[in-house]
Every structure is written in structure tokens, then in C-alpha cells.
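S.K.: What follows is the residue order along each chain.
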Amino acid sequence: MKGYILKRVLYMFITLFLIASATFFLMKIMPGTPLSNAAKLTAEQEAIILEKYGLNDPVPVQYVKYMANLAVGDLGISFQYDGRNVTSLIMSRIGPSAQLGLQSMIFGSIFGILLGIISAIRYNTIWDYGATFVAVIGKSIPSFVFAALLQYYVGVKLQWFPVAFWEGWEYSVMPTIALAVFVVAVSARFTRTEMLEVMSQDFITTARAKGVSGFAVVFKHGIRNAMIPLITILGPLAVGLMTGTLVVEKIFAVPGLGEQFVRSITTNDYPVIMGTTLFFSFFLILVILIVDILYGVIDPRIRLAGGKD
Amino acid sequence: MRKSKWSLLLTLTLVLSMFLAACSGGGGNNGGSSDGKSGDDGKDGGNTDVPQVLNILESAEIPTMDSVMGTDAVAFQVMAETMEGLYRLGENMEPVEGMAEKHEVSKDEKTYTFHLRDAQWSNGTPVTADDFVYAWRKAVDPDTGSQYNFILGDLKNANAIMAGEMEPEELGVEAVDEKTLKVELEQPVPYFISLTTFATFLPQNEEFVEEQGDQYALEDENLIYNGPFTLTDWKHEEGWVLKKNPDYWDAETVKLDEINVNVVKETATGVNLYETGKIDRVGLSSEFVNKYKEHEDYKTFEEPVMFYLKMNQEREDLANVHIRKAIQAAINKEDLVNVILNNGSLAANYFVPKGFVTHPETGEDFREINGDLIKSDPEVAKEHWEKGLEELGKEEITLEILGGDTEVAKKMDEYLKNQLETNLPGLKIELKGVPFQQRLELDEAMDYDLQNAGWGPDYADAMTFIDMWVTDGGHNKTGFSNEKYDKLVKDAKTTLTSDPAKRFEAMLEAEKLLIEEEAVLAPLYQRARAQLWKPYVKNVYQNSFGPDYSYKWAYIEK
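In the order they appear, the protein sequences are chains A and B.
Residue numbering for the first sequence follows this note's numbering, beginning at 2 and increasing consecutively.
Residue numbering for the second sequence follows this note's numbering, beginning at 3 and increasing consecutively.
Hints may be right or wrong, so weigh each one.
List time: in silico BS3-like cross-link candidates among lysine-lysine, alpha-carbon distance up to 27 Å [claimed, not checked]:
no. : chain 1 : residue 1 : chain 2 : residue 2
1   : A       : LYS158    : B       : LYS301
2   : B       : LYS434    : A       : LYS158
3   : B       : LYS158    : A       : LYS53
4   : A       : LYS29     : B       : LYS536
5   : B       : LYS158    : A       : LYS158
6   : B       : LYS267    : A       : LYS158
7   : B       : LYS536    : A       : LYS158
8   : B       : LYS434    : B       : LYS245
I should point out that these hints are in silico values taken from the structure, not numbers from a laboratory.
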């Protein structure tokens with residue numbers, strides 16, 4: 002197991018290195034300059050400023066310099082936010098994004114699993130259809146539409162929760178729900194399928210035949226077994242959440258990382274593009290790694306297979 | 003079966019409690035309360051017992067608070083409220099007293115002597131002439147990397163210093179004594195006093211800046227202020243608070259105790275916040291204008307920002323003046339501003355905007371004197387078009403419009419295509435929408451036929467719109483070159499500076515030449531901003547250059 006994890010961590014760094022290199026060159030192909038006042042500058046004035054930031058160097062030289070700094074953990078200084086260190090810029094924005102991500106993940110998956118279970122044990126009843134309907138809606142309507150609807154009807158019309166800003170827990174309710182809808186949908190559909198399969202297995206029939214109560218059958222035998230495959234979708238869900246936060250954060254004026262990421266690309270803020278890309282990649286790879294390890298822990302059959310790998 | 007019902011209920015309760023726990027566990031960020039409308043009632047700063055608190059939004063985080071580095075509206079706004087240069091923009095964009103009490107101009111109009119008042123920074127040190135010298139030298143130093151230092155280009159030796167050919171110490175600015183600042187210019191600049199209100203001309207205290215090192219201006223505590231307000235509670239990407247500065251020399255005039263600013267990037271979010279009374283002003287994009295046009299809070303403000311089609315004269319077809327005139331006349335701009343933009347923008351048949359500068363003697367608006375220089379008329383367009391085609395010996399022409407990639411920009415370019423193709427038979431228009439930064443690059447390389455471009459002023463003088471079209475001007479990029487035009491601009495900058503009326507007339511003539519005779523551009527519209535303002539907000543002045551608003555004189559009256 003230890004060797005397996007070590008190997009995976011090593012791969013992780015190689016992946017990050019490749020991502021960093023690819024992003025760097027792609028970013029340099031992108032047209033435009035990082036200068037915020039380029040519209041007012043003449044070509045000569047622009048050249049003087051680019052020189053100052055070392056952006057007149059050939060791209061391979063810039064690449065080597067960047068990688069050397071990256072190796073010692075220096076992500077550089079932002080262009081659009083004059084003089085601000087990229088590392089601290091990212092760190093200060095993680096909080097809200099992580100909180101929203103975590104809250105919507107927890108709330109969404111619990112609610113989704115519940116819906117899935119209801120669907121499965123009330124298979125082909127009005128309960129099942131209702132839950133399926135909710136799941137289909139949640140999967141097919143993007144989170145920013147929910148965000149806009151919530152903001153208008155719950156925020157402006159009903160005034161139950163604040164319309165926007167980030168000043169306390171009540172401010173996180175609507176963005177969390179908007180983001181969670183997707184998680185609810187995915188985990189509900191997945192749970193339903195898994196539950197149906199597990200509930201039709203022989204050991205459930207055996208348990209029932211032994212006179213185990215309905216409650217115990219569902220929870221002790223059914224859900225526990227249905228949950229294992231659910232862990233695999235954690236990774237894709239995290240990705241989905243991340244793309245969702247980009248827009249949802251903007252709508253609710255949450256000072257998170259997602260919006261920052263998009264903005265850095267449109268303003269050609271090279272150091273921030275690199276920093277946020279690397280951060281998101283690191284996070285994703287980490288999630289995948291954790292899921293793989295968890296999988297091995299929960300299901301010994303997989304650990305054996307993994308060990309041989 | 004009965005038991006399973008209970009199990010459902012149990013699970014439901016469990017889930018709900020988890021949800022609540024997750025929510026309450028995650029506060030984490032409990033800063034100042036959002037409605038600053040409490041407290042402060044006993045304060046005598048305002049004229050009533052209404053709390054003097056203004057709540058507004060900005061569309062972006064403050065990119066920098068280092069005055070020499072500022073380039074955008076948000077930075078300019080906060081700098082203008084928290085710091086003060088020699089002069090400040092007052093009502094109708096008139097420069098009013100700031101750190102300078104008065105000034106003298108030498109006979110040749112190339113030397114200005116400013117007399118500073120007794121004022122202090124928020125850390126108690128006095129504001130001195132050295133603070134200006136330090137900041138201005140820093141701005142022109144190429145090592146600083148300032149992107150707006152060209153605004154100091156009229157100062158003696160400034161351009162050479164920016165190009166790295168001279169030392170910053172050789173800049174034409176000098177502290178005669180603690181309270182006297184002497185400024186030397188390369189040539190007379192009739193609008194120099196209005197220039198001194200610009201952010202790049204703000205002072206910086208050397209001792210404080212050096213002490214902070216690379217931390218300077220990164221947080222509100224790494225700054226000192228000499229303006230009507232101080233910056234506090236600056237939470238990056240989230241918002242900031244401008245608090246009345248009790249040490250400001252004219253603190254008596256300042257009535258607002260607090261301006262709460264939150265960063266909101268979505269117009270819809272801003273509108274929703276306005277509806278719930280959380281904010282006192284919101285900007286409207288065109289899709290919201292229809293809904294609010296009849297609202298009593300609805301207001302528009304015409305900005306001196308112009309949008310137009312640039313026509314690349316290095317392209318064979320566009321080198322023909324009749325073709326250019328045909329394009330000028332073929333577009334119905336009324337529909338463009340009323341249907342597509344729908345925010346109070348004006349259809350433009352001119353290039354120097356309306357309500358921007360007035361004749362130095364008669365006080366008449368530049369626009370009133372020169373009036374409309376062209377006319378939208380399909381008949382006229384067709385006439386020029388046929389003449390042009392004949393001269394070129396062509397039946398058909400294909401041109402590309404280079405434009406932006408935003409929704410509005412695309413809609414607008416579609417409209418232009420439709421207008422041009424309908425009114426000019428034989429013309430085929432292709433559209434190319436690219437991000438802003440890329441458009442600038444293509445402009446620089448003159449790699450376009452027609453380009454949907456815009457320009458806003460840097461100082462309160464028509465010259466900011468006129469001198470960019472001189473031969474080989476850094477922003478010309480149309481291939482337009484006209485001796486008469488170049489001479490008019492040169493005269494206005496040199497021999498005519500002591501005769502403001504003649505100078506003004508030279509620029510009037512230049513505009514006629516540019517639009518009417520030479521048809522260098524096809525003007526489209528003058529931009530306006532549509533907004534909702536709570537009626538109790540009084541005396542916020544709107545500016546057309548530098549900071550968008552002046553809050554020094556603002557107050558709340560309920």
C-alpha cells in the first residue's frame with residue numbers, strides 16, 4: 002500500500018509538471034498583452050514596460066525562469082493586481098470557494114442519496130417518479146440558472162436570504178443550494194441504480210427470509226453496499242462543482258477563486274493563470290488520489306488488484 | 003412496512019440536521035455588517051440626523067492603490083477619494099483647490115509655481131512639495147513600469163526619461179521649499195491645471211513609501227491618505243469602506259461619514275441588491291433598461307466616450323474617399339442607439355463628444371459650434387458608393403469588420419453588416435469578433451479593414467481626441483496622413499497656446515477635416531451610462547475623465 006501511494010504521488014508531480022508546461026506555452030500563444038492600459042499605450046511605450054517585466058525575452062527563456070521559480074515554490078507577482086504575490090492571492094480566495102464546495106458536496110450528496118434510496122425502495126411509484134424528475138431537472142439545468150432564480154425569488158421576492166455578498170453563514174445558503182443541485186441529481190441517479198442492483202441480490206433476499214426488519218435490510222445491507230461505487234463519482238463531482246463555482250460565485254458576489262481564474266485569463270495575467278491552473282490541477286489530482294486510496298480501504302478486492310499494479 | 007416509513011422520516015431528519023450543521027459551521031467570514039445604516043446618529047458631520055452613509059458597488063477589485071500605477075476606473079475612483087493632488091475635480095469638472103492653494107504661470111506659460119497649503123497625511127506628517135517631486139519622478143522612471151506615465155509627457159525631459167535616455171532626477175519638477183513646487187513644461191499646455199487632478203499626478207510621501215518597501219499600497223494599512231476619505235476594511239475582491247478623514251484640510255465640507263463599496267460583477271445581482279434597498283446606486287446594462295426606463299430613479303449620463311468604425315486606408319478599397327464616405331452615410335445610427343444599446347447613448351455624426359469642452363470665450367459647446375458633420379442617408383451613401391466603385395473599377399467589394407467578442411459587440415456588428423450590405427449594393431461584409439486585447443494587437447499591426455473601436459479622454463481638452471490622428475500617431479493606425487491636419491494640430495500645440503480662442507478654432511477645423519472632408523472614421527455613437535439612483539443621494543458629481551464620480555460634496559437627505 003505504501004509503495005502504491007508513493008508511486009501515485011510521484012506520478013502526481015509528473016502530471017503537474019506536464020500541466021504547468023502545457024499551460025505555459027498555451028498561455029503564451031494566446032493573443033494580447035497583460036498590460037491593463039494597452040489601449041492607450043503606443044507600441045514603443047508598451048515595449049518599455051514589457052521589458053521591465055521580462056516579457057520581451059524569448060518564450061523558452063521565460064519558461065525556464067518560471068519553472069526555476071516554481072521549483073522553489075515561487076508563483077510570482079500578479080500583473081493585474083500590481084505587486085500582489087500570487088500565492089497569497091490564491092490563499093486568500095480559497096476559503097469561500099472551499100466552503101461552498103464542501104457545503105454543497107455534503108448537502109448535495111446526502112440529499113441526493115436520500116432521494117436515490119427513496120426511488121429505489123419505492124421503485125416505480127409516484128415517489129420514484131418524483132425523485133427521478135428532481136434528478137433530471139437538476140442534471141439538465143445549469144447551476145447558474147438556479148442561482149439566478151434563487152436570487153430573484155428567494156432573495157428579492159421572499160427576502161429569506163441575502164441577495165449577495167459574503168458576510169456570514171446566511172450568505173452561503175443560496176450559493177450552496179445552487180451548486181448542490183447538480184450533486185443531488187448525480188448522486189440520486191447513481192444511488193438509485195446501485196440500490197436497485199444491491200436490493201435484488203441474493204443476500205438481501207436471504208436477510209429478508211431470516212426475518213430481518215425492513216429498516217435493517219435497507220440500511221445495514223443495502224445502503225452500505227450501494228455506497229461503495231458512489232465514492233468513484235466523488236472525483237467527477239468535484240470537477241463539476243469547480244466549473245459551477247466559476248459562475249455561481251460571480252452571481253452571488255462571493256470573493257472566491259473561480260471568478261479569479263476566469264478573470265486572470267481574460268486579462269492575460271500570466272502568473273495568476275499559472276498559479277490558479279496549478280492549484281486547480283493539484284486539487285483535482287489529489288481528490289482522485291484520495292478516492293483511489295479510499296476505494297482500496299473500503300473494498301479489499303480493489304486493494305489487491307491495485308497492489309499487483 | 004410501517005417501520006420503513008419511520009426509517010424514511012428518520013433519514014430525512016438526519017439529512018436536514020446535517021445540512022444545518024454544515025451551514026452554521028461555515029460562517030468563517032464575519033466582517034462588518036453590511037447595512038452600515040446603524041449608529042453615528044449623534045454625529046454632526048451631516049446636515050441632518052440621517053446617517054451619512056452611502057452604499058455602492060464597484061465592478062472589480064481595486065487593482066492597485068499605488069497612484070503612479072493606476073490605469074482603470076476603480077483605482078482612479080478610490081485614489082481620488084482618499085488622496086489629493088494639486089487640484090481636484092469639482093462640479094462640472096472644474097479643477098478646484100486641492101493641496102495647492104494657488105499657482106502662478108510664467109509669461110511663456112512653460113513654468114508653473116504652485117503654493118501648497120498646510121495639509122497633512124493621515125500619519126501626521128505634513129504634505130510637502132517633495133512628496134510631489136518623489137511621486138512624479140517615480141512615475142516616469144522606466145523601472146517603475148507605470149502604464150499611465152505618458153500623461154506626464156508634457157513635463158520637461160519626461161519623454162526622454164521614460165525612454166531611458168535620461169535620469170528621473172532630470173524631470174522638470176522641483177521643490178523650491180517645503181510648500182513651493184516649481185514645474186517646467188516642454189511647451190505650454192493650456193489644460194495643465196486640469197491634468198494635475200489626474201491620479202498619476204498625486205503625491206507620495208517618500209519616507210513612508212520606502213519604509214513600506216514592496217508592501218506599499220498592498221493593504222489599507224500600507225498606505226497614508228491626504229484626501230477627504232481614508233480607505234479602511236479593504237477586503238480584496240469583496241469590498242472596502244471609505245471613512246471620512248478627520249485630518250483632511252477641508253473636512254468641514256465633507257458630509258458623508260462612510261461610503262461602503264462592495265464588489266459585484268453581475269449586473270443582475272446589482273439590480274437585485276438595489277431592489278432590496280441594500281445599495282443606493284446601480285449601473286444598468288441595456289437588457290435592464292427596458293424594465294427600468296420608466297422608473298423614477300432612472301437616470302442617464304452622457305460620457306465623452308466615442309465609438310466609431312476605423313477605416314484602414316492601406317487597403318486599396320478604403321483608400322478611396324468615396325467608399326469611406328459611403329460607409330459613413332450608410333449606417334442608421336438612431337436604431338443602433340435606441341434598439342441595440344438602449345441606454346441613452348447618442349447617435350454620433352461627429353468625433354469630439356457632446357458636453358465635453360466649451361469655447362474659451364463664448365462658452366459654447368464644441369459640439370454646438372461644429373454640429374453634425376455627416377448625415378445618415380442611404381441616397382447619399384449610394385451616390386458615393388457608385389462613384390467610388392467606378393473609380394476603383396470594381397463591381398463588388400468584400401470587407402471585414404473587426405470587433406469585440408461580447409454579446410453587445412456581436413449584436414452591434416451584425417447590425418452594421420446588415421446596414422452596410424443593404425444600403426451599399428455589391429458590398430459583402432465579413433465579421434470577426436475577438437477579445438479586446440487581441441483587437442488591440444491587430445490594430446497595432448493594422449491588420450483589419452474596418453474596426454469597431456472606441457476612445458475616451460485623458461484630460462479635459464479636445465486635443466485628447468484630435469492629436470491621435472496626426473501622421474504616424476501612435477494610435478492613428480488608419481494610414482491617414484494629411485499635412486493640413488498635422489499643421490492644425492502642431493499650431494494648436496505650439497504657436498496658438500497663448501490664444502485659446504484661435505487654438506479652439508484650429509481644433510474645430512481639424513475635426514471637420516477628419517470627419518467631413520477626409521472621412522477617416524465613421525462615427526457611430528457617444529456612450530451613455532444608464533443608472534438607478536436612490537433619490538435621497540444628493541450632490542454626487544459625475545465626471546467625464548479621471549474618476550467617474552466626486553463624492554467630496556455628496557450627502558444623504560431623507
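S.K.: Hint by hint, say whether it matches the structure.
M.R.: Each hint, compared with the structure:
no.	hint	in the structure
1	A/LYS158 x B/LYS301	holds (24 Å)
2	B/LYS434 x A/LYS158	violated (41 Å)
3	B/LYS158 x A/LYS53	holds (23 Å)
4	A/LYS29 x B/LYS536	violated (46 Å)
5	B/LYS158 x A/LYS158	violated (60 Å)
6	B/LYS267 x A/LYS158	holds (21 Å)
7	B/LYS536 x A/LYS158	holds (19 Å)
8	B/LYS434 x B/LYS245	violated (46 Å)
Violated hints, listed in ascending order, are 2, 4, 5 and 8; each of the other numbered hints is respected by the structure.
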